[in-house]
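Q: As given, the protein sequences belong to chains A and B, one line each in that order. Take the first sequence: its letters are residues 0 to 293, numbered as in numbering that gives the first Met the number 0. Take the second sequence: its letters are residues 0 to 293, numbered as in numbering that gives the first Met the number 0.
If you are wondering where the hints come from, they were derived from the structure by calculation, not from laboratory data. There could be a bad hint or two in this list.
No distinction is drawn between identical chains; accordingly, a pair holds when it is met within one copy or between any pair of copies.
Claimed, not checked - Taking lysine to aspartate or glutamate and the DMTMM-like style, the derived pairs with C-alpha atoms no more than 25 angstroms apart in a straight line are:
(1) K244 with E275
(2) K244 with E271
(3) K291 with E279
(4) K244 with E274
(5) K161 with D224
(6) K244 with E175
(7) K157 with E271
(8) K26 with D289
(9) K161 with E256
(10) K26 with D224
Note that the structure is a prediction, hence the values are computed from the model and not measured.
There are 2 protein chains.
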Amino acid sequence: MTAPLFDTVCLVGIGLINSSLARALRKHDLARRLVTLDISAEARDAALRLGIVDAATADAAEAVKGAGLVVVGTPVGAMEQVAAAIGPHLEPGTIVTDVGSVKIAVVRDLVPHLPDGVHFVPGHPIAGTEHSGPEAGFAELFAGRWTILTPLPGGDPKALEKVRALWSAIGAMVEEMDPHHHDQVLAITSHLPHLIAYTIVGTANDLEGHLQQEVIKFSASGFRDFTRIAASDPIMWRDIFLGNKEAVLEVIQRFTEDLTALQRAIRWGEGEVLEERFRETRAIRRAIIDAKQA
Amino acid sequence: MTAPLFDTVCLVGIGLINSSLARALRKHDLARRLVTLDISAEARDAALRLGIVDAATADAAEAVKGAGLVVVGTPVGAMEQVAAAIGPHLEPGTIVTDVGSVKIAVVRDLVPHLPDGVHFVPGHPIAGTEHSGPEAGFAELFAGRWTILTPLPGGDPKALEKVRALWSAIGAMVEEMDPHHHDQVLAITSHLPHLIAYTIVGTANDLEGHLQQEVIKFSASGFRDFTRIAASDPIMWRDIFLGNKEAVLEVIQRFTEDLTALQRAIRWGEGEVLEERFRETRAIRRAIIDAKQA
Numbered sequence: 000m001t002a003p004l005f006d007t008v009c010l011v012g013i014g015l016i017n018s019s020l021a022r023a024l025r026k027h028d029l030a031r032r033l034v035t036l037d038i039s040a041e042a043r044d045a046a047l048r049l050g051i052v053d054a055a056t057a058d059a060a061e062a063v064k065g066a067g068l069v070v071v072g073t074p075v076g077a078m079e080q081v082a083a084a085i086g087p088h089l090e091p092g093t094i095v096t097d098v099g100s101v102k103i104a105v106v107r108d109l110v111p112h113l114p115d116g117v118h119f120v121p122g123h124p125i126a127g128t129e130h131s132g133p134e135a136g137f138a139e140l141f142a143g144r145w146t147i148l149t150p151l152p153g154g155d156p157k158a159l160e161k162v163r164a165l166w167s168a169i170g171a172m173v174e175e176m177d178p179h180h181h182d183q184v185l186a187i188t189s190h191l192p193h194l195i196a197y198t199i200v201g202t203a204n205d206l207e208g209h210l211q212q213e214v215i216k217f218s219a220s221g222f223r224d225f226t227r228i229a230a231s232d233p234i235m236w237r238d239i240f241l242g243n244k245e246a247v248l249e250v251i252q253r254f255t256e257d258l259t260a261l262q263r264a265i266r267w268g269e270g271e272v273l274e275e276r277f278r279e280t281r282a283i284r285r286a287i288i289d290a291k292q293a
Numbered sequence: 000m001t002a003p004l005f006d007t008v009c010l011v012g013i014g015l016i017n018s019s020l021a022r023a024l025r026k027h028d029l030a031r032r033l034v035t036l037d038i039s040a041e042a043r044d045a046a047l048r049l050g051i052v053d054a055a056t057a058d059a060a061e062a063v064k065g066a067g068l069v070v071v072g073t074p075v076g077a078m079e080q081v082a083a084a085i086g087p088h089l090e091p092g093t094i095v096t097d098v099g100s101v102k103i104a105v106v107r108d109l110v111p112h113l114p115d116g117v118h119f120v121p122g123h124p125i126a127g128t129e130h131s132g133p134e135a136g137f138a139e140l141f142a143g144r145w146t147i148l149t150p151l152p153g154g155d156p157k158a159l160e161k162v163r164a165l166w167s168a169i170g171a172m173v174e175e176m177d178p179h180h181h182d183q184v185l186a187i188t189s190h191l192p193h194l195i196a197y198t199i200v201g202t203a204n205d206l207e208g209h210l211q212q213e214v215i216k217f218s219a220s221g222f223r224d225f226t227r228i229a230a231s232d233p234i235m236w237r238d239i240f241l242g243n244k245e246a247v248l249e250v251i252q253r254f255t256e257d258l259t260a261l262q263r264a265i266r267w268g269e270g271e272v273l274e275e276r277f278r279e280t281r282a283i284r285r286a287i288i289d290a291k292q293a
């Protein structure tokens, strides 16, 4: 029997992602001991009750003591505070990673608080559901999905390899890119779609009462597809938009121009403009099906 | 054994909806004979090969001869031409219905071509998939879904009852409303979501090559949810937007205002505005799940 990849792993914030990671680490025997640091007593109690961690605490020093790996899984807006709290207690050689959906802001917020000799490997598993909290997690969340790592220039190659090995061991496909490129790609694949979904569901929510009831009744005609992602965690998404402001504003601008062009075509009855645009978009769906991401 | 609800039923256009209806009529023994009128030889051949109709023709007179019910299931932009072609051959007492996604324009286009004694009951089954054509249909498409009927003032109550009985018999829930209200409700539940989905997928399609490949690769992070409905039939959707211009332009306007407000909140770092908006939208998702439309 081989030794687990890590001795003690500390999961900071035990929400959907980190509670899924805890289950996956257990399932694949990748850590000897799992500890969670969470400010919410409710979340700590749930994690212990579910048996997905060995210990749960709100004390930063206690949480990271002896940890070979620390995984920061709070909303990205809270990560600087987390880093300030755990930084002084991290032992040399510890690997710190995160699961945040934006990367430039996370690197900016964490790096100043990490002592010399601690290795930071920023990460982002492209996986999730519209549900939140430790009860919502499951061990297979990352299987067959991508995890993006955005290693820092001059970072420790062994630390990078260990983090990569962890994600691979739980079934994820791993890709490396620089944080700036990550934030651009995610702005279009994830952040804009969520913003649009929140907007359209909000527009419907503002309708007069009887019309709103009918929107729910007849939601299977298209609207329904948007409501799933618009049910995602509000705090997490607030922080993502604030943390990737430039890239998000840029893609909103492109989107708005494109919507305005279609709006104009509808107003002036330009059927051929609409038809041509609608034909192009079928190819993307086919490519996604071919890439087995549908 | 009771007699079927209809003797001969003529399905004009044998695409996803009418081919599903043909299968459902067969399955529930609701018609003695099914005929399709379609200008596409390929579609006619497919319908015969699949065994979902007894006869297929491109001749309007032949198609509607002896039909007690005619179901117009072409894209809504083609319905006026269809009505002009079949109108002179319709026998008194025939019931005409349609499955178009807009109702004011369909009523406007069909009524002038229907002779006295022919009963028109406009309809719209709120069901579909992103696939098109006679092969894509299936008998259960309408089960548990809504069909909206928008009967004309002074229309024949018996004709309305027969059309209602048909949809109920194949498992649909039937609701009546006036065409104007229908077009308003569908503009928000169906037409705007499709336009937004086409827009965002189009925005991604316009990206530089390497970024486009990454959008496909990482589409599971949100983008994927939009691509399904953006793969819907281009001609059908062109006609819907042109046929419901006023209501669609009105909801685009509301949507754009709401998006601009969120864009502004992101630019100025107004986290509380974002968080509040994102909290509201969760309630709609819950209501849809409660209404069993999720």
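Q: What label fits K26 with D289 when the C-alpha limit is 25 angstroms: within, between, both, or neither?
A: neither (30 angstroms within a copy, 34 angstroms between copies)
Q: At most 25 angstroms between CA atoms: does that hold for K244 and E271 within a copy, between copies, both, or neither?
A: The answer is between: 15 angstroms across copies meets 25 angstroms, while 35 angstroms in one copy does not.
Q: At most 25 angstroms between alpha carbons: which applies to K291 and E279, within, between, both or neither?
A: Within one copy, since 20 angstroms is at most 25 angstroms while 33 angstroms is not.
Q: How would you label the pair K244, E274 (within, between, both, or neither) given a Cα cut-off of 25 angstroms?
A: between (33 angstroms within a copy, 15 angstroms between copies)
Q: Is it within, between, both or neither when you check K161 against E256 at 25 angstroms Cα-Cα?
A: This pair counts as neither: shortest intra-copy Cα distance 44 angstroms, inter-copy 47 angstroms.
Q: With identical chains, the pair K26 and D224 could be close in the same copy or across copies; at 25 angstroms between alpha carbons, which is it: within, between, both, or neither?
A: Neither. Shortest intra-copy (32 angstroms) and inter-copy (30 angstroms) distances fail the 25 angstroms Cα cut-off.
Q: Given a CA cutoff of 25 angstroms, do K244 and E275 count as a within-copy pair, a between-copy pair, both, or neither?
A: between (32 angstroms within a copy, 18 angstroms between copies)
Q: One pair to classify: K161 and D224, alpha carbons no more than 25 angstroms apart. Within, between, both, or neither?
A: Neither, since 38 angstroms and 33 angstroms both go past 25 angstroms.
Q: Are the CA atoms of K157 and E271 at most 25 angstroms apart within a copy, between copies, both, or neither?
A: Close neither inside one copy (56 angstroms) nor across copies (41 angstroms); limit 25 angstroms.
Q: Classify it for me, K244 with E175: is the Cα-Cα distance of at most 25 angstroms met within a copy, between copies, both or neither?
A: within (22 angstroms within a copy, 46 angstroms between copies)
Violation of the numbered hints given earlier is confined to hints 5, 7, 8, 9, 10; the remaining hints are satisfied by the structure.
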